[in-house]
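These protein sequence lines are chains L and E, in that order.
Residues in the first sequence are numbered consecutively from 0, following numbering that gives the first Met the number 0.
Residues in the second sequence are numbered consecutively from 0, following numbering that gives the first Met the number 0.
Be careful, since some hints might not be right.
Claimed, not checked - Facing chain E, from chain L, some residues (calculated, C-beta under 10 Å):
1) L8
2) L17
3) P60
4) S126
5) A128
6) G148
7) K220
8) L222
9) L252
10) I275
Keep in mind the hints are simulated off the structure, nothing from the lab.
For every residue, glycine included, the Cβ atom is placed at its ideal position computed from N, Cα and C.
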Amino acid sequence: MTRYVLHRLGQSLVLLVLVSMIGFGLLHLTPGGPLSQFALTPGMSAATLARLSHQMGLDRPLPIQYAEWAGHLLRGDWGRSYRDQQPVLAIIVSHLWATLELMVSSTLLAIIFGTWVGVLGAIRRYSLADYLATIGAMVGLSIPTFWFGLVMIYLFSVWLGWLPSGDMYTNGDASLLDYARHLVLPCLVLTLVTIATWSRYMRASMLDVISQDYIRTARAKGLRPRAVLIHHALRNALLPMITVAGLQLPTLLGGALVTETVFTWPGMGRLFLDSISYRDYPVVMGLLMFSALLVLLGNLVADLLYVVADPRIRLA
Amino acid sequence: MSAVAPSAAELPPPVLAAPSAARRPALRRFMRHRLAMFGLVAIIVLVVACALGPYLSPYGPLTIDLRHRFQPPFEGRHWLGSDQLGRDLLVRLLLAGRISLTVGFAAMGLSTAVGVVIGLVAGFYGGWVGTALMRFVDAVLSFPAIFLLLTLAALVSPGVLTITLIVALTAWMEVARVVEGQVRSLRERDFAIAAEAIGVSDAHLMLRELLPNIMAPIVVAATLNVARAILLESYASYLGYGIQPPTPSWGNMLNNAQEYLTSAPWLAIFPGAVITLAVTGFNFLGDGLRDALDPRLDVHR
């Protein structure tokens with residue numbers, strides 16, 4: 000087990016280094032650059048621009064810039080924002096919770112309802128409900144997240160007037176209820192991103208398990224169908240879903256970015272868009288690294304959990 | 000990525016098929032797949048409408064008519080209503096469709112080509128070249144696609160060509176993975192070993208022997224990639240980093256629809272509905288093609 004964990008950790012580290020190189024290369028090789036922001040400032044001369052470029056270290060060769068950035072990162076220094084000189088890590092962390100709240104609540108919803116839909120589809124295969132769930136999942140995967148958000152706002156905020164159309168709090172109202180009311184719509188929209196995939200894989204996994212011998216045995220010895228379904232089939236069908244949950248992380252993060260934009264939710268997605276339009280490279284780079292870190296960590300944890308949860312898996 | 004846990008590619012794909020599908024010839028299986036047929040019809044209708052529709056309308060895409068701003072749909076002279084400048088929404092939708100569909104198809108072609116080349120090389124040569132290439136694929140996949148897309152789109156001057164390139168750059172990895180896996184297993188098969196034994200060149204072996212045998216999964220992945228490309232373009236354009244107005248695209252038509260949500264909801268409803276229709280169409284089609292072309296993937300046995 001220890002060897003396996005070390006092996007996977009090593010793999011993730013290699014990937015993380017690659018990710019940082021790709022991200023850094025993309026940002027710094029594209030035309031424009033952080034200075035194009037300052038170039039628009041009135042009264043900016045070429046000499047001042049050159050001095051700025053030198054100050055920010057942008058006039059040095061790319062590998063050296065990368066090495067310096069990576070060296071600082073290894074010592075826990077994520078750099079400072081070009082915009083307000085705040086430490087990048089602090090900025091990210093201050094936006095992290097809003098995004099996590101959205102991701103966790105919507106994932107819970109997706110898992111609960113997706114599992115239910117998937118199981119139902121598997122035990123009533125080719126029924127009308129199964130057919131509708133299949134079509135629904137496909138359409139759900141095809142709807143642009145931001146448009147679904149707009150439709151939800153139109154229905155629940157504009158038309159019915161039940162829920163707020165954006166932001167996290169009403170000014171001057173710090174109650175939990177107010178926060179919950181703000182959370183409902185973005186959470187629903189983000190749930191759409193994952194529930195379709197989750198229910199499809201759940202159905203496939205359940206179908207796989209139902210056809211196993213031990214399920215037939217359990218049925219043959221006269222257990223109640225419900226007990227077989229829940230204690231024997233569902234438990235086993237949920238195992239591979241741990242991996243699916245890990246693999247969904249990039250989609251979930253991307254969905255959060257779009258959802259946050261529609262609902263002016265103050266999370267990492269909004270921060271990313273703001274930083275991009277300001278060409279705030281240290282923050283953009285920090286966010287790219289942070290999201291990749293989350294994704295790799297998520298996959299790692301999912302793989303390890305899978306081993307822990309399924310004692311049948313022996314590690315060589 | 001892992002030695003123990005099944006990856007998404009190994010899990011049974013979530014597909015829908017008739018129970019006895021595996022015993023039918025490909026074409027009939029495909030025809031029976033009603034959703035795929037629906038997808039195909041939707042795509043054809045959209046393509047034809049976008050290609051011909053604007054010629055049949057009395058309105059130009061940029062014809063501004065301030066006296067008839069915010070006309071609601073289904074009443075009056077504009078079938079789907081008009082926008083904040085009095086431009087006809089239907090004509091703009093169809094013209095936007097030309098752009099969005101073009102980006103979708105072009106990005107599909109490009110991303111599939113890149114994915115096939117990388118997958119072929121990685122799967123064929125294996126060793127450290129294969130490992131390095133596939134690790135690179137893994138690394139790019141660790142970024143959420145939208146983060147990557149926006150990073151590139153925000154930094155490059157936007158236009159139809161650059162958006163196509165950028166979308167393609169964020170969508171080739173799945174194809175590469177599929178192709179690599181297939182090539183790695185196929186090149187151990189007798190026909191590949193036989194071809195190698197009679198001394199054909201590597202390029203011949205890859206392109207003439209292996210590639211034809213993996214066309215099915217490539218076609219499926221390519222079809223699904225059109226859907227993906229249309230979606231990604233709409234995200235970038237919606238967020239303001241894609242196709243720039245006044246050139247309409249399905250995404251950028253939604254760009255400022257949010258501020259008119261109260262007064263003119265149709266401006267937001269129709270473009271999104273068309274995107275959903277197009278993307279659903281390609282997804283249904285790709286799914287149907289998967290059932291038709293590759294019975295081995297049929298989870299329903």
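The hints, checked one at a time:
1. Checking L/L8 against chain E by beta carbon gives a least distance of about 12 Å; that is not within 10 Å, so the hint is violated.
2. About 4 Å separates the beta-carbon of L/L17 from the nearest beta-carbon of chain E, less than 10 Å, and the hint is met.
3. The closest approach between the C-beta of L/P60 and any C-beta of chain E is roughly 20 Å, which is over the 10 Å cut-off, so the hint fails.
4. Given the 10 Å rule on beta carbons, the hint for L/S126 is violated: about 13 Å separates it from the nearest Cβ of chain E.
5. Hint on L/A128 is violated. Least Cβ distance to chain E is approximately 13 Å, over the 10 Å limit.
6. Interface hint status for L/G148: upheld, as the beta-carbon distance to the closest one in chain E is roughly 9 Å, under 10 Å.
7. Taken as an interface hint, L/K220 does not check out: its beta carbon lies about 25 Å from the nearest beta carbon of chain E, beyond 10 Å.
8. Because the beta carbon of L/L222 sits about 25 Å from the nearest beta carbon in chain E, more than 10 Å, this interface hint is broken.
9. Because the beta carbon of L/L252 sits about 4 Å from the nearest beta carbon in chain E, less than 10 Å, this interface hint is met.
10. Given the 10 Å rule on beta carbons, the hint for L/I275 holds: about 4 Å separates it from the nearest Cβ of chain E.
Taken one by one, the earlier hints fail for this structure at numbers 1, 3, 4, 5, 7 and 8, listed in ascending order.
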